[in-house]
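All chains, please: the whole structure from these sequences, using the hints.
Residue numbers (this note's numbering), protein chains in the order written: chain A, 1 to 421; chain B, 1 to 151.
It is worth saying that the hints were derived from the structure and are not from the lab.
Check before you lean on any hint, since a few could be wrong.
BS3-like mimics (lysine-lysine), calculated; alpha carbons at most 25 Å apart, straight line [said to hold, decoys possible]:
# : chain 1 : residue 1 : chain 2 : residue 2
1 : B       : 118       : A       : 416
2 : B       : 124       : A       : 416
3 : A       : 417       : B       : 18
4 : B       : 93        : B       : 49
5 : B       : 18        : B       : 124
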Amino acid sequence: MESVSESTPPARETAIDWAAYRKDFPILDQQVHGHPLVYLDNAATSQKPRAVIDSLVRYYERDNANVHRGIHELSNRSTDAFEAARKRAARFINAPAPEEIVFTRGATEAINLVASAWGNANLKAGDVILLTEMEHHSNIVPWQLLAEKTGAILRYLPITADEHILDLSKLDEVLTDDVKLFSMVHISNALGVVNPVAELCEAARKKGVVTLVDAAQSAGHCPLDVQEIGCDFLVVSGHKMCAPTGIGFLFGRAERLNRMPPYHGGGEMIATVDYFKSTWNQIPHKFEAGTPDISGPIALHVAMDYLDKIGRENLFKHDKELSQYAYDRLAEVSGCRLYGPKQGRAGLVSFMLDDVHAHDVVTIADRYGVALRGGHHCTQPLMKKLGVPSTARASFYFYNTHAEVDRLIDVVHEIKKFFGS
Amino acid sequence: MFDDLTDLYQQVILEHAKSPRNFRVMEDATCVANGTNPLCGDNYTVYLKMDGDVVKDASFQGSGCAISKASASLLTAAIKGKTRADVELLFDKVQNMVTTGEADESVGKLAAFAGVHKFPARVKCAILSWHAAKSAAQGIAETVSTEEPAE
Ligand SMILES: Cc1ncc(COP(=O)(O)O)c(C=O)c1O
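As structure tokens, this is what we get:
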């Protein structure tokens with residue numbers, strides 16, 4: 001097994017100069033509405049380090065050409081860099097082979113690819129698609145579309161009422177023989193819950209159920225090993241882990257991808273084309289029709305190197321500590337309701353202040369330079385389940401500091417004062 | 001506190017958000033319309049009792065942020081006794097005000113919403129119940145949305 005930490009042994013937490021890493025992010029050094037920016041909306045999208053931004057400029061200034069079909073020097077360079085990024089992505093999640101990585105626009109497109117290409121070929125009326133009650137819309141709606149087409153049925157593994165974690169005591173009840181696919185989120189973007197995906201995939205595998213893990217919130221925040229998790233598919237979003245928007249990837253076990261029909265038709269995904277019939281290229285190209293985003297994977301490559309230089313186990317520890325600190329401090333604020341687990345949460349906190357609407361919280365925080373998110377976080381069914389229309393959310397990354405959490409708490413007190421609660 | 005925040009959350013608005021007026025279901029309404037903002041989950045129902053062309057009574061129910069709730073509250077007070085045409089005229093004035101910040105003298109207390117124009121993300125909150133009231137007054141009982149659902 002190739003380990004990402006081979007060349008760069010993980011530094012001890014105490015030895016990490018987080019402030020130095022923060023300086024790699026030009027955008028963080030600015031005033032918003034006359035206050036230093038406190039960016040706490042990382043679950044929506046992360047900021048990009050200088051190295052990633054520079055890689056885009058470098059690509060377009062030196063290497064830009066279309067990939068795969070060219071013979072000339074620039075095309076070779078582009079192709080090499082594009083395929084090197086694929087190898088790097090495989091190594092990032094410990095996938096057995098680079099062919100098991102399909103570049104997509106993000107996690108959403110990767111899920112749609114599986115729902116369309118795998119789902120249409122494998123599901124029939126009455127088959128069950130199992131999801132959890134804390135899924136992002138992008139891991140609900142593609143399956144609803146598929147269910148409408150095939151007559152398959154959606155079912156949900158429930159969450160508990162107190163800490164909103166998956167109710168594993170219900171697993172046997174929902175994981176019945178008619179389940180064909182189990183798709184689950186690794187880290188919930190609305191609750192900060194970290195789900196035991198290896199355990200869930202093992203239970204599914206024992207029953208011959210195909211599994212998909214939505215790693216949009218986890219890939220850039222904690223170590224990830226698809227062989228350890230034991231999933232069939234896993235989806236990653238680049239823009240939430242220091243890469244540009246518009247790039248992500250799907251991991252699919254080769255034996256699954258090989259047996260799936262194509263997703264989109266066009267150039268690149270074909271072996272031969274006749275006026276009436278075509279044959280498909282090998283994986284992963286079979287699923288990459290048309291000219292892909294080329295600078296995206298190249299920048300993603302730089303982002304993955306950057307994150308692994310810090311060490312994802314270090315990032316995870318940092319994020320968890322910070323969100324626990326935020327959780328504990330918010331819990332001291334009277335009238336502040338918190339959602340998700342009390343301990344062991346990933347780097348985000350969802351909360352409500354008395355009966356102040358999340359949008360009012362976010363509007364006021366913004367005027368203090370604090371960027372939060374308020375709304376349903378693309379998890380409307382979950383919000384309904386929690387009995388709230390929306391929550392305010394602070395989500396952290398390694399460049400965030402304890403001082404920024406303190407600032408958030410001060411602002412929360414200002415908001416309470418403002419609404420006289 | 002910052003000037004533009006106090007412009008947005010004027011005392012009248014905070015007060016109406018806390019204790020909304022005409023906040024009830026109207027059993028004998030003649031026209032009802034819904035307003036939703038799917039992006040933030042705001043959801044209001046506006047009830048009108050029309051007597052011919054005139055709004056005899058107006059009320060609302062629902063939930064949402066301070067801006068949307070205060071707007072619905074002040075709206076119900078503002079349109080009582082007005083004709084259909086008046087309601088539409090007022091709608092135009094309010095819409096113009098929340099997008100430009102220019103308040104027509106005739107809008108009275110509704111001028112409190114002029115500060116919304118500095119917060120483009122919140123314009124929809126202020127105008128939501130007005131959309132519902134406008135379609136209720138036109139007798140179009142339907143759900144109006146801040147987002148156009150595609151077919
Ligand atoms: C849990 C989760 N899944 C999926 C997505 C969608 O990812 P993308 O933006 O890459 O399509 C998100 C992003 O908001 C997310 O938080």
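Status of the hints after comparison with the structure:
At most 25 Å may separate the alpha-carbon atoms for a hinted pair to count; residue 118 (chain B) and residue 416 (chain A) meet this at roughly 22 Å. Distance restraint check for residue 124 (chain B) and residue 416 (chain A): the Cα-Cα separation of roughly 24 Å lies within the 25 Å cut-off, and the hinted pair is therefore satisfied. At most 25 Å may separate the alpha-carbon atoms for a hinted pair to count; residue 417 (chain A) and residue 18 (chain B) meet this at roughly 14 Å. Of the supplied pair hints, the one linking residue 93 (chain B) and residue 49 (chain B) holds, its CA atoms being roughly 23 Å apart against a limit of 25 Å.
Among the hinted pairs, residue 18 (chain B) with residue 124 (chain B) is consistent with the structure: their alpha-carbon atoms are about 20 Å apart, no more than 25 Å.
Checked against the numbered hints given earlier, the structure satisfies every one of them.
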